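A.B. asks: Each chain, written out:
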Amino acid sequence: MIYMDNAATSYPKPDVVIQAMTDYMKNIGANSGRSSHRLAIEAGHIIYETREAIAELFNISDPLRIIFCSNVTEALNLAMRGFLKPDDGVITSSIEHNSVMRPLRALEEEGVEVTVVNCSSQGFLEPREIQAAIKANTKLIVLNHASNVIGSILPVAEVGEIARQNDLLLLLDAAQTGGAYPIDVEAMNIDLLAFTGHKAMYGPQGTGGLYIREGVDLKPLKWGGTGSRSDEERQPDFLPDRYESGTLNIVGLAGLGAGVRFVLAEGEDNIRGKEKNLTQKLLDGLTNLKGVTVYGGLDIDRQVGLVSFNIDGLMPSEVGFQLDEEYEIMCRVGLHCAPAAHKTIGTFPTGTVRLSLSYFTTEEEIGKTIEAITKIASK
Amino acid sequence: MNKPTYGVVLFHSTQAAIKAEKILKEAEIKIKLIPVPRHLSSDCGICLRFEVDDVLAVKSTLASKNVQTARIHQL
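Residue numbers (our numbering), protein chains in the order written: chain A, 1 to 379; chain B, 1 to 75.
Same shape as in the complex, but just chain B:
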């Protein structure tokens, strides 16, 4: 089995990252809060890692719940 490749969502605020974590968990999307990777500049110290196949689900779920994101990167 191939190891999944990941993307990350960056947020302006830690509290926004935590809000997003909660919403994506409720939507049963596999995510994890991780420190922002060193090579990505960031607005807060944590970001949400997701499996890259879920990128559309992540985007649409967050948009539907009006969660503001800073940027989305593929790792």
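Excised from the complex, chain A in its bound form:
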């Protein structure tokens, strides 16, 4: 079995992740922030240590400015719905996932002005196009760090500089990069960073969050119990409580903390280096195959560990089915929840076959995958 669907969720997870979750479930189990007994405090430690690890990963100075959410979609909704008001302008790119596009289209119906800047057919963005799209009412730029369809990496630091110079906020969707590609909220001028826990940060599903720069106030996405200010019927104004109503996914956060510490211990450079090498091998193996079209810039320095392709005369779903049935290779096929991205690269409405790897993928698996696709394409 070869799992090549890590851009959907990473598998396998490091053993330490499973151990941390089991340890919490078996030995701690309590809620945090409500009671004050030792197990409640232990649970609080787990949550805080997860914040700390993420703060280290993204160079965030105050771990309390990281808000935990159920996934990156919720984090993006909190950021965009919490910040944008009617008549505000927002700029985004044409290769965004629906986790950005759908909330923006919903906000558009409420009077927010949405400008979509076109990327090249290889999925790249020219920072000057962002600069040119800025209007008097523009308040926010929303970008994904890397496309979930073709893996192209966007010039975040350059756009962050543009945002800073024009007094705009930058919201980054790091779903495909957090843990696999360096992110520094200071160096890149990121004001709001939405991340998922279950991909390259190696946590379980149901984890994710939002970093909110000091001085940025958002309207909460939900209101409710926080364990703090219990005498008050109004939502507290301090972080993280303001945005973390209700019991957190503590078992998930135990796993996420272990996942991020795993990434920190292995070293992001090592992880990125290995994934680059594997991606290059995959690109080398596929680009010269007759009847196979590989999408994107084919530039390993500007691509994360995912490769999208099609085989002449076959629908992506047929390729995916053959890979699974005959070769036990698992991938994702179709539109990958990003219609605008497919229009940009010219694969709408058919979609692509997407192979996505992780730190746990081996060279042997890449070799077998290339072999299988070679056979399918030559039939």
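Please keep in mind that the hints were generated in silico from the structure rather than gathered at the bench. Nothing here was measured: the structure is a model prediction, and the numbers come from that model. Note that the Cβ used here is the ideal one computed from N, Cα and C, for glycine as well. Accuracy of the hints is not assured; some may be wrong.
[What the hints assert, rightly or not] Here are the simulated distance ranges between beta carbons:
1. B:Leu75 <-> A:Thr247: 24 to 34 Å
2. B:Asp53 <-> A:Met25: 38 to 48 Å
3. B:Leu75 <-> A:Asp269: 48 to 58 Å
4. B:Lys25 <-> A:Asn27: 19 to 29 Å
5. A:Thr115 <-> B:Ile34: 16 to 26 Å
6. A:Asp231 <-> B:Asp53: 28 to 38 Å
7. B:Asn66 <-> A:Glu109: 32 to 42 Å
8. A:Lys343 <-> B:Ile34: 52 to 62 Å
Use these hints to put chain B onto chain A, whose structure you have.
C.D. replies: Okay, now just chain B, sitting in the frame of chain A:
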């Protein structure tokens, strides 16, 4: 030997209390997370107890690390 007298730092958020605990432990100040004493109204269920002689060290360490506190009381 006299039993030390204690002070407590109250925080708005449990997570802030835990952050403070970590920072003060690293600064080797003797502290313990305890339930907020009943006679002190509070913003969260736990607070940090310290030996009252360390009050200045507690205050300056937390301030230097930008930890927001609600109030400080002597027990």
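A.B. asks: Each hint needs a verdict: does it hold in this structure or not?
C.D. replies: Checked hints:
1. Roughly 31 Å separates the CB atoms of B:Leu75 and A:Thr247, a value that falls within the hinted 24 to 34 Å.
2. At about 41 Å, the beta-carbon gap between B:Asp53 and A:Met25 stays in the expected band of 38 to 48 Å.
3. The hinted window of 48 to 58 Å between B:Leu75 and A:Asp269 holds, with their beta carbons roughly 49 Å apart.
4. Look at B:Lys25 against A:Asn27: about 22 Å separates their beta carbons, and that is inside 19 to 29 Å.
5. Our hint of 16 to 26 Å for A:Thr115 and B:Ile34 is violated, since their Cβ atoms are close to 53 Å apart.
6. The given range of 28 to 38 Å is respected by A:Asp231 and B:Asp53, whose C-beta atoms sit roughly 32 Å from each other.
7. The hinted window of 32 to 42 Å between B:Asn66 and A:Glu109 holds, with their beta carbons roughly 40 Å apart.
8. The given range of 52 to 62 Å is respected by A:Lys343 and B:Ile34, whose C-beta atoms sit roughly 59 Å from each other.
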